[in-house]
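Enquirer: Those sequence lines, one after another, are chains A and F.
Numbering-wise, this note's numbering comes out as the position in the first sequence, counting from 1, plus 3.
Numbering-wise, this note's numbering comes out as the position in the second sequence, counting from 1, plus 179.
Everything labelled a hint here was simulated from the structure, so no lab data went into it.
The model shown is predicted, which means the values in this text are computed figures rather than measured ones.
Take these hints with a grain of salt, some might be off.
To be verified - Straight-line Cα separation of at most 30 Å, DSSO-like style, residue types lysine-lysine; simulated pairs: (1) A:Lys585 / F:Lys810; (2) F:Lys384 / A:Lys361; (3) F:Lys658 / A:Lys542; (4) A:Lys364 / F:Lys389; (5) F:Lys357 / A:Lys567; (6) F:Lys298 / A:Lys364; (7) A:Lys364 / A:Lys393; (8) F:Lys213 / F:Lys236; (9) F:Lys608 / A:Lys559; (10) F:Lys810 / A:Lys542; (11) A:Lys585 / A:Lys524; (12) F:Lys384 / F:Lys246; (13) A:Lys393 / F:Lys389; (14) A:Lys534 / F:Lys608; (15) F:Lys389 / F:Lys250; (16) F:Lys878 / A:Lys204; (17) F:Lys810 / F:Lys190; (18) A:Lys567 / A:Lys524; (19) F:Lys190 / F:Lys608.
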Amino acid sequence: MIYQPSGCGVFGILRKKESRRITGKEVLRAINRVKHRGSELGAGFAVFSAERSDRVRLRAFTRSPDLVTDRLSAMGVKIDEVIINRNFGELCDCSLSVIDEPSVRRAVRRANEIMWEEGEGRIYSIGRSLQVLKGVGYPEKVANETQIGETEGDLWLAHTRQPTNSPGYYPFWSHPFSGFDVAVVHNGDVSSFGANVEFLKSRGVRSFVGTDSEVIAMLFEELLEEGLSVEEATQTLVGEREFVRGTSLDGPFTAVLGYYGDDLYLIVIADKAKFRPAVIGEDENFIYAASEESEIRELSDEARVWTLKPGGYMIASLKRGIIRYGREPPLPPSMKTPSNAIDIRNLDYRTINEIIAKLAKEGREVTLINAMGPRFLGITLPRLGIRNAKVTVYGTVGNCLANLNNGNTFYIYGNVGDDAADTMHSGRIVIIGDARDVLGQALQGGEIFVKGNVGNRAAIQMREYKDSRPYLVIGGTFDDYLGEYMAGGVAIIFNKEDRELGNHIGSGMVGGRIFVRGYVKGDHIGLGINKVELIRFLKALGMRGLIDPQKIDEMKELSYFELKPLLPPSAREFAEKIFEDKVGAPTVEYRHLTQTEREEIVPIISYFSSATGEEFIPLMEDKFTVISRGK
Amino acid sequence: MIIDRYIDIPKQKGVEFWDIQRISYIRRLSSTGKGNLTLERTSSLRVLDRVNFKLIKKGRGSNTARKILGKELSAPIYLGDMSFGALSGVPNMVIAEAADRTNTLAGTGEGGLNPAVSKHSNILVQWASARFGVSIETLTKGIGIVIKIGQGAKPGIGGHLPGSKVTEPISLTRRIPKGLDAISPAPHHDIYSIEDLGQRIESLKEATGKPVLVKVAATNYIPYVVSGIARMGADGVIIDGHGAGTGATPVIVRDNVGIPVEMAVAAADRALRREGRRDGFLIVAGGRVGDALDAAKLMALGADIVNLGTSVLIAMGCVMVHKCHIGSCPTALTNKIDGSREIDFNFALGKINNFIRGFIEELSEIVGGVGLSSIDQLVGRRDLLKGSSLTRDTLNVLGVEGIPEDSDPVMRNWESSDVISHLHELASKGVPTIVSMGSNAPPDVQPPRRITDWLRIDGAQVTRPSIDPYREQIDTRIKLLGGTLEFSAPMGIDLRGSPRAIREAMEWAALATNIPVLVEDVNPGYEEISISSEVNGAGLWERSPREGKYWMINNISKGLEIVENNRIAGLILEEFEEPVEVMTSELDTYLKRLGVRDRYDIMVTAESLRDVGDVMKLVGLGAEVVFLPWKIMELALGDGGRTNLFEKSFNLIAASKREISLLAGAAGVYNVYNSIIGNRELLRNINLNSEISRRLRVKVAGSL
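Just chain A, with the same shape it has in the complex (with noise of 0.2 Å):
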């Protein structure tokens, strides 16, 4: 078997009950947002309507029609029409309707094992509310050939492929990957792939082609059909659930998942380390799924738009809409766009960073509107020298803002993507909306301040040199590992809704503070250890008279930050082996900012509150969690 790691861009949309269905045309226009992501390797569509028909509908890639009616025809399934839809090269890619009976799904698990090893073509959609259509080339190719433009569906998935290598003339390896009325389009490249084909071998499936993300199709039709509920399977995906070994996704993932049973589902999964972008969706009509936000914004200025929380996973159905968010969502956006500026709409980044680029030379303000997610914006400025720019952008801003930024200032009045301002030296970044995942990596002076919340990763590798110290507040909250080996500088977490905080705080952290208002529990900081072993640690402490024996029982209950300074130093030398990574756990603090604090950080809050125009002052009166170097 060959394996077909790959990237990409993914999109899925679900109508809501009371909603009209959605056109093809939608679908392609939200997934070419993201062409950047997908190459002319591949592109595809899975589109489920709520009807069952008593037809199910295959969908085979195949040098002739006849191999495949022959083989299923032997295994005693009744074709009813054959339609041969487009021809590539020595393939073609043909229709079947065939009589809905119980053994059809078997019959093209079997004809799929023959043709495949035979070299005769594969079955690549079966289903009665399914259709996947998919090819060689960008969506926009994909969709002509296949004349999805006017069809309509209740929910699609879409994708553009980014393969990590191709025979990607053939379109085998295109998603959706299809299960019975199941599809998946997946973005990642999963390091548990062998586990779980040895598991799926293990129950009786003989024949890949060769991809995680049709193993991801497999796997959810597997556990369901081993009596898991929708949910159930999806937080075995996920790692959630225990079932059997190899059932579980490890590695980078974000996969969304269509699925017609007792109802019409879309469900978005993410991996634990939130390796792959995953942004949802919802307005009145609609819900969606996305790898970034100018998908949905193309569709949709209203929608409220969220990410599912590191390993987290939102599951949505015609009949009862989201029943899980994967995160508690915001409330939706109300910016005023104002209207003398210029639309970046339609303009590709080169061109933006160039309009940036002339009038910050000719000592201009910069504001633009309309922004559909652009990369690397003012990332040339530093090259050109260009220091005191001053950009404005509304809009949802894409990957890579002002990176390597150096003594510039952008306002963003929008969401902001993954990797903002990587190696800034100095200048100020001030977001009114929230920051994805990497925001400030080896941020090394200036300022960065985001009015909402963060993703995965803010802050980490920050430092500090000689008198340039780096500032990152943030209003709202934030997911894992914010200040992973950080090195320097300040990071200030005010969660002003008190919503839940991220893990890992801290993690490797060799320098710099992090102060987050109000008491962060000792589980949530650093690396986090296994009850299990705490307890036979402790049990092995106590054997050999490090520790009373009687203490056992209270000391299980507490946190490593809690037990630690309780233990005597004998004791604490082996907990340290065991429980702390290289450098040490953090220090951690639970107190009133002393007043030097004060007087050094006064000053970036009171910018902090004129900036994004809300008082953050008063809540510098609570009690913060100072978080700061180890050993």
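For chain A, the structure is supplied; the task is to place chain F on it using the hints.
Expert: Relative to the frame of chain A, chain F by itself:
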């Protein structure tokens, strides 16, 4: 102190790749500047040494000039990428100067740019995961940018500068505290996938206008990785093979992860050609390039340029004492920067210049000797090569002719001093052992002592991120008996037959770290971690199949049918005649075929297992728990005292557990239990006996 001459080469303790012969050869070249080509190579296990030009005549030289990244180079040679910090300053300047003078290229590594380095015209600067020293000024100083994803000595692990070397100047350049280890994140936190890499390449081009290369370690998916890099718009790739040098790396990663550059280059070149992406894309190959013959063979296998690192250090006087990570280099190449010892600039420069000139002269002779008029014509000419003593799979990956031949999987029965000192360090320090310079591990330097030695573990590069093992949560727990028993790692200690003092200490350490012990009788207090033949263990074993118990056997061919009909808990495979690798894999495969694999646990024990490298490979072949023999404690103690046995046992196990996290993280795995057990995709073999590799279902390195 100023070092301005070569110091004597000390006697080498064990088998080394950079042996006295190789070092002396480089010194000769560096002293005379004259080529001294020898085509004879004494028997070697390295695959590249088993590939040779079919016909090579001594005689006229040929043209070695190549145009690379718009520069007309005197020869396709790239020096680097050794960071400021890993090297002690002066050597960084010498290398940059030597590249300018000999008209070759030099990569600066990730530690920031010293002004004495940045003034040179043939340098490439690095964008690495920690961003040390990165600014728009440094990025635009070179002729190109290297995005460093990984390196051959430690695939899936970030750069590592030990705290002892983070002195004032390093602390200032890298902007991190003095005296603390500088460990770059294992992945780039902005590059978790191929399209993320594309985004970073595009952003660097937009920000700087410079060409961008991507440096990766050679690992399982190298053809995909390189093809993806090419498609993402990079100008080239630097493929760093296992065995490449380093200033500091965990030994467990160095000696178990990654594949040889020769196999990686051949596979990558073929993938690119098949996709029509080879033209205009640069392949730089590094890792154990010892002389011009190695270079020429790598080019014939598909490389455009070769990367010289360790050989350049040897030219400047390195005597291979493996002290780079301590900072006490006697030759002042990798010592800590504290003003106490420095290498003489002109001495080092003279030697490198000579070395490169001699190297080029030899390269020229080889190119002429195989009948080509220019080195450009050599790239990808596999037809000029033949292989010997290589398996069919290996020949296929290389794409060279040869009569397939299988080697005996066991080639020695002596203990390697490297393994012993590794165990000793674990027991005395309680943290994963850090070493420096390239690997001498089997199967291609030291002879293999068991099948695990032929297997390599995957390191995640580009297609998925590795997981930072120091700062992120990796779950190494495993579950037995249907989830009722939980241990902290897929590792245990076989304490049967152990002396009392060792048993007491190791049993206690096993409890404190929550790993199982394999015993006959159970000591009170240790019931919950004991897999015993007596009734009060948490798991029970017997030498015959009994309901609810583990069945200990040493020959699975006798027992397979019985397994199905007995409600045993699982099997403990004990090595007798058949290697446990083969037994484990075949049992795992057999149970999966029956669809009952999840009903049984597979545990493994063998006298000659040594460290978690062995453990993780057996886990990849299907074992839930691998018991290391108690004898590793005795080996760790060596001739030293028998004091502090409890602490040393604790250290040995706690540090080994951390090494499991290192290997899992390097492979990009968060959950060992779900994702590694029986996952052969994470393994590859190097020239392993075909019959064995078929029985293990482990593919050869470089194949897909």
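Enquirer: Of the numbered hints stated earlier in the document, which are not met by this structure?
Expert: Hints that this structure does not satisfy do not exist here, as all of them hold.
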